[in-house]
Structures are given as C-alpha cells and as structure tokens.
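J.: Once you have looked at the hints, place chain Z on chain L.
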Amino acid sequence: MTLPAFVNEPILELRRRDARDALEAGMARLEPKLPIKAPALIGRDRSDGDALVSTDPGNPDRAIALAPLCTANDAKRAVEVAATAAPAWAATPAADRAAALVRAAAWMRERRHELAALAVRECAKPWGEADADVAEAIDFLEYYARGALALDRGANLLQVPGEQNTMRYAARGVCAVIAPWNFPVAIPCGMTAAALATGNTVVLKPAEQSPGCGAMVAEALRAGGVPPEAISLVPGLGDVGAALVADPRVHTIAFTGSAPVGLEILKRAADVPDGQRHIKRVVAELGGKNCVIVDGDADLDDAVPAIVRSAFVYAGQKCSAAARVLVHEAIADTLLERVGGALATLQVGQADAFGTDVPPVIEREAQERVARFAQLAEREGRIVARHKEVPAAGWFCAPTVATGLPPQSDVLTEEIFGPLLTVEAVRDVDDALDRVDGLRQALTGGLFCRNPRTVERVAARTPVGNLYVNRHITGAMVGRQPFGGNRLSGTGTKAGGPDYLLQFVEPRVVTENTVRHGLVV
Amino acid sequence: MTPVADADVLEIGRTLAAALPTRRSLRALDDKAMGLASHDAELRAALFRFVDVVPACRSLDDLARHLAGFLDEVGDRPMPLDVAMRMANSKAGRATLGAAAAAGVRHMAHRFIVAETPRDAERIMRGLWEDGVGTSVDLLGEATVTSAEADGYAARCAEALDQLTRVYAPLPERAALEADSIGPIARANLSVKVSALTPLLRPDAPELGKSDAAPRLRDLLRRARELGAHLHIDMESFDSREAITDLVLELLSEDEFRDGPSAGIVLQAYLVDSPALCDRITSWAAEHPRAHPLSVRLVKGAYWDHEIVEARQHGWTAPVFEVKAQSDRNFEALTVRLLEARPHVRPMIASHNLRSVAHAIAANAATGADPRDVEFQVLRGLGDDLQHALAHEGYRVRTYCPVGDLVAGMAYLVRRLLENTSNEGFLMLQAEGHSLEELLSAP
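Chains as they are written, first to last, in my numbering: chain L, 1 to 521; chain Z, 1001 to 1443.
So here's chain L without its partners, still in its complex pose (with noise of 0.2 Å):
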C-alpha cells in the first residue's frame, strides 16, 4: 500500500467569509445537540452517564458533554480488553491499520467545523485555534499513518555472504493513552493514533475537562474501522489514569500535561510488580517556560506581534506559549512600551466572537492560579500594563506584563499556564541564554535578531526542544516542526516528527545462517 505523500491539512482562510460562515454553520447544528453525550466505551461496551460534566468556561453554568465517571475498576477492565485485543491488531496488516487511520481523518474532515465547534464551546478555544486543532487531529492521523507503513518496512542491516539479517519493529502491546484538555482534539487523536498505528491496542482517556473532544477522537477511529476492543475511552479523573499507569499489562503510557503528574507517572511506571514482564515505556510531553530573546538588533515591527501573539492567544494555554521576554538593554524601554501599548489592543471576550484573542481559561482554578501569580508578579516586580475590560461571566483573566522580578522570583521559573507575561532587559544575547540555561524547562524558545552568526550561536547553546527565529513559538505543524522539549518539559520525544512512532514499538533483529555445508543456500 502505498499512500500519496503526506502534506498538512490547509487550516481554513479565515480571511475570507465564506470560510467563517462555514464555522459558524458548524455551529449551528451544534448547538441543539448540547450538551452531546460522552460515553465511556470499553470494548464493545457502551456506558452513558453524566456524573462527569463539561463546562463551557465562558459560561460555567453550561453544560458541554455529559459523561459517566468512570473508575479504577473500569480501567481495569478497559486494559483487559485491550491486552486480550493486542495479539490481533498487532497481527493486522500496517496496510490496514494505516487505511482505517486515513478513514478516520476523513470522518474528521467531513466534520471538522462541528468539531471545531466543539471545541470552542468545550475549551473556549478560539474560532482560528479551534480549527487548528481539528486540523492537527488529522495530520497526526494521516502523518503516522504513512511513517507505520515505512516503518513495517523493517531496517536496512549490514548484509554479508551466508547471513541474512533482518530488523522488524513489532507492536509493544497495551498504551495508555494520558491526555490534556488544552489541544483536546489535536493531542489525545496524536498519541492515540501513533499508538494504533504501530499495532498498539490503547486505552485513552481523556482530560477530564474535554471528555467530549475525546468521544470524538475515539467515535471516528471506529468510525475509521479501528476495532472496538483495539481502542477504549474511559472519562474519568486522576484515580483513573492511575490505575492505568499502575495497571502491568500497560506497556507504554503517553501523557500530555503538567511536570509534577508527569513525573509521578515516570516513577510509578518504574515498578515491576510480580508478575510484570515488561518495563513500561514512558513518552511525556510537559510544561515549558518558554523565554523569546530579542537582540538589539531585533525588528520591533514583527517582534512585538509575535511576542504578544505567543503569549497571550488562547489565553497562554499552549506548552509552548511564551512566559518571559529577554530583550537586549539596548531597545528594552521601547520594546516594553509597544507590548505595552499591544496589550491593551487584545480582544479579550468569548471564544466564539472572531477576531477574539484571550479568551477565558479552562475553569475557576485555572483563573484563580493565573491571578495568584499575578499578585505575586505585582509584589516582587512591577506590573507594566494590564488589560482593563474583562468579562465578569467566565473565568477571564486579565491579559498581564510585569517586569522588574528577582531572578529566583516563581514568576520567572514556575509554568503559570495562562496571560501572563514577564520581560527583563539583558546585556546581550549571552546573558539571555544564560538566564534560558537557568530553567529546569526547556521546551519551545524564540529568537528575534538580523544577524546570521548570532542565530547559529545560539541555536548551538539552547536546550529548548524547539526554537523559533524571528516569528511566533507557537502553532507547531506536523512534519514542519516536530515537536517535543527537553530536560523536566519532557521525555525528549517529537510529537509529528520522524522518530516518534519508534517509542511505541520494539525493534526485533533476526539473524539466519544460510551456510550449510558450506554452502550459501
């Protein structure tokens, strides 16, 4: 089977009516349908239920997706279904594990403005971000399914005379699937559709947040002839993806989310309880701290959009949004002034208005984080600007830029997850990259600056995972910019890149002697 080669689904122009209009007619034949039911599926069994509850965060009283909670138990006996499964699916051609992937895109695609949406009143994604997640959904689809069919190919091994080697990578068995809320389709769809791709049976569930967004990825694998068994969703809260963690027929668990659950995920998945004949492979993806350096050198035109753009779209709640600002001494007064002035131009409203660009966070605890940090950014520093009009309905934050903090200040270390914003003027790039060699993170980086040799210096000295220069940090696109961060940010894997389907197999060398008698036969 051979499938045309991979290009990015085209987000949509936006720029021009009918697109919008599309949006909102996908809307439209929402809303009546809300709240939609999110199931738990476990094998071929379906349970409804509504003791979990979305939220739409512009309006809390809302409810999004209904969903039963469901328990440890319950994982238990998703896993079961999915160790039992794993033989077959493993067994299945790539070609048609590849073909059911390419079938689920396609059902995303037919949908993609009711899911976008979806996603707008679930998560309070933004109309242009919405979509993109929708569109990343698919790539991850279409993307791993191409790089399952190379990698069934096996790889080439050193051939000599009355010796045939080959390599294999086979399926490692069960993955739970662990995933965020704040790419709540575009996120679970990649770990899982990685997962399936290589022969994997998964067990996703989904943030507790979002559990509609995770019916969705889950409804369109079996829409896309993915077996029932070969993936269950289990909504559920943390005692669930414990157990899935803890659970020894789990072979491989993929999580997206914060540094502290990922890190007690890394330690529990290290036990080897009796009985356990594998070691758990672990992929995470965590929290950043992501800082943009701008060289005296920087154009101030492009440099202030982007920066405002990486840190306040979506409210900050991208991995990869930027958190601090490290702008040369030499244009630091100016280019505070025009964030400044920046600031105050974001759309701060519902995230279903275009053109909004700070929409409310996820929930009330969200907000109250994002408002303990800014008090404490106000104590320890100095608040440049800081929006005026913020909804009262909704868990608005005001959009924030303080500068003035101490280096050991939480404000320039923790990941705050929401619009907040810091710059400190440095004496130069080395200072900068300094004070980036400081943070236990090192997920996404930005870099604004005309001079060649500075950006090659500096793309050799920084740990970050990925680095953007002179353009915004966020918006990673699958095959463009695979994407993953190093040190405490995460496991050091590139989600849409060409190796990460290799941390959901194992690769099995054969060696046969074809001497006989001396003979090669």
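None of these hints come from the bench; they were simulated from the model. Cβ atoms here follow ideal geometry from the backbone N, Cα and C, with glycine treated the same way. Some hints could be false.
Some chain L residues close to chain Z (C-beta under 8 Å, calculated; not the full set) [said to hold, decoys possible]:
| hint | residue |
| --- | --- |
| 1 | 20 |
| 2 | 299 |
| 3 | 304 |
| 4 | 305 |
| 5 | 342 |
Calculated Cβ distances over 10 Å to all of chain L for the following chain Z residues [as the list claims (entries may be wrong)]:
| hint | residue |
| --- | --- |
| 6 | 1053 |
| 7 | 1309 |
| 8 | 1437 |
T.: Showing chain Z alone in chain L's frame:
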C-alpha cells in the same frame, strides 16, 4: 466600445519609448548593482537582508558584522564582496566597510524615498510640478501595533495634508494637472494606509479593524474636504482587503462626504477576484453620486511574493494570478472597464509596464475621451523615466512619493527593490535589451 488595436498600442508605445530620457550614469550604477542581484538568488537575499537591518544597527562596526554575516552565506561571491569579507576581519576595516555600506544604502533609499518629511520634500514636489507632474505623498511609518501609534500616524497624516496644501497653494497653474472633463482635480494628494490607522486589522475579523480605523479615517476625510485635498486609501495584502474595501465604501457613503473630499481606492489586478471587486466598486460609484467621483487606482499589486508564500505555507489557493501574463491581461481588461465606468469613477492607471500604459492610452482614445480623462501614476525611483515621457507627451501623470525616515521606510524599500530585481519585471526586461516590439506585444 471599440476594441483596442495592437497596432495602436505599438505606435503609442514607440512614441513613449522615444520620449524616455537617456540614462544618467549614477542611476545606471544602481541599476547595475540590482541587475547583479537579480541574477544571483543568494546575493539578492544577502542584499535584502542587509538593507533591511541597516536602521537597526547601532554602530558602523555592528553594520559591518551584519554585512559579513550575510555575505558569508553567499556561495559564489563576486570579487569586490570577497574584499568586503576580508575587511570585516579587522576593527578598522569594519569601520570603513560599515561607512561605505551605510552610504550605499542611504543612496539607494533616496532613490525611492524623497525626504524625511513632506516639508523637506517641498523642493522635489515643486520641481515635479514644474515638469508637469503631480504627486501623491505616502507617509512611511513603523508598523502600527498600539492605539497610540495609530493616533500618531493619523496626526502625521493630518499635518501632511496641511503641509501639502501649503506647498501646492502658491504654485503656478498647470491646466493639465488640475482638471479633467468631469471637473477640477485637487493639487494636494495624500495616500494613507489603513493598517497604520488601526492596530486591529484582523484577517478573520474585518469588522474590528474597520470600526477602529473609521473615526481616524473620518477625521482625515473631513480635513481633506476642508483643505480641498485628495485622500487616497491604499490597498495592502489580501488579509486586509475586505476590511479596507468595506471601510472606504461605507465611509464615503456617509452623507457628510457626499460633497467631498475627493477620495480614492485601489484595485489590484493580480487578484484573481479583482473583476468582481471592480464590479462592486463601479456599481457602488454609480449608486452613490459624489461631487468628486471616486478615484480608482488600478495597480498590478505589490504583495505578490507575500501572497504566494502565505498561500503555500497554509495550503491555500493563492488569491493572486501565479503567471504574470494573467495579471497583465487582467490589468488591460480592468483598464477598459474602469474607463467605461466614467463619469462615476476617475481611473488612474498605475503601472511601469510600457505595454499596459500604451494600452490604456489606446483604450482611452478608443472611447473618444480626452487624453486627460485618464490619469497615469508611477512610483518615485522606479517610474521616473516613464513619468518624464508621459508628461512630455502631455498626459496627466502623478508620482507616488514616499516620505519618511530610513527606519520607517525599510519595508517599503525592500519591496521596491524586490520589484526592481524581479526577473519578469518590465524594467528588468528592458534593461536586458529585449526589443520594443517584444515588450509591447499583447500579454
């Protein structure tokens, strides 16, 4: 109307070509440097990146380091550039190299950017007027990312309207420039950019930018009306096309602007859907009679590379014609439609392509209209020769004159350099010695 005969176009083109001035040696030197760049993609990239960063360099040393950094990436360096690279190795060398390079860029900038302020441009504007050439002044500026910057630009525009009025008031009468069959034509003429009048131009939310820019543009329209000046609203990339078009047509529909000022919009012929926009504009003009009919500047479009790159990056069909001949053909078709839409609109044909200009002259003649009932526009620094020839032959010609400092003008300068070194450009083909018949043949 009577179809335009190619023989007429050829004859008009020949006459204009004969009126082109012989080239000055200084200009020829510039052209040579740009010619070199147009044939070597790496060198071209290095040149653009260097020109782009000049205003941000804080010392001659810094400037030289940047230059060396860019040249480092040029694989096959012509001899003088190797010398430059060696100079960059010492401090003294860098000072000399930096000074030379800065002077070079300044020289190049002055070809396209007339002065730092409208007041400083007075001498040039007066000279052009004496030569029978009008101007439309464009205030270069940094990108508008804050409301304060939008207010600042609007204030500079208002001031420029005053200054232009003062500059032009005492100049002697130039009948050719001051009226067409429809009526009087303003002397002072300012072009403004909506992207500088608001920080809120969002491709996916045209309403936002439109409503934010409207009060500032309304004030400028009022000022232009009081002064009797012409205000032209430029078109930019496709991302803002809907917002700009809606903004201009909506504001000019307001009762208070029915009697003025003279105002205009731009139609970009490289846009695939420009015929539909042309229809919209001409029907709007027919339905909204104004004391000064809407001016429509027809251009090919200056954001072609940007549009193509953006479309490729997003997997979209580009909004522009990918083949240059398609734009050229469309330009001629739109020329005819605008000429036919008179007296509701005043067509302004803005091109440096001798064929496109000759075609417009022939098409105008075919309608039986007076030669002065169509205006020609060129860009300062790129269309100087054509401007001279058109004025010499008695056509109404206006030169688009950017005003501003080097920092602010860089984006503009780089775009103009791109245009000048594009291999398909008319000016380049002409410089390469293509025959007049070839250059004047139908696209």
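J.: Now tell me, hint by hint, if it's right for this structure.
T.: For each hint, the structure was consulted:
With 8 Å as the threshold, the beta carbon of residue 20/L comes within range of chain Z, its nearest partner Cβ sitting at about 7 Å, so the hint holds. Checking residue 299/L against chain Z: minimum C-beta separation of about 6 Å stays under 8 Å; hint holds. Hint on residue 304/L holds. Least Cβ distance to chain Z is approximately 5 Å, under the 8 Å limit. The closest approach between the C-beta of residue 305/L and any C-beta of chain Z is roughly 6 Å, which is under the 8 Å cut-off, so the hint is satisfied.
The beta carbon of residue 342/L comes within 5 Å of a beta carbon in chain Z, closer than 8 Å, and the hint placing it at the interface holds. Its beta-carbon lying about 4 Å from the closest one in chain L, residue 1053/Z breaks the requirement of being farther than 10 Å from that chain. Under the 10 Å C-beta cut-off, the non-interface status given to residue 1309/Z relative to chain L holds; the minimum distance is some 13 Å. Remark: the non-interface label on residue 1437/Z is consistent with the geometry, its nearest Cβ contact in chain L lying 41 Å away (cut-off 10 Å).
Checked against the numbered hints listed earlier, the structure breaks hint 6 alone; every other hint is satisfied.
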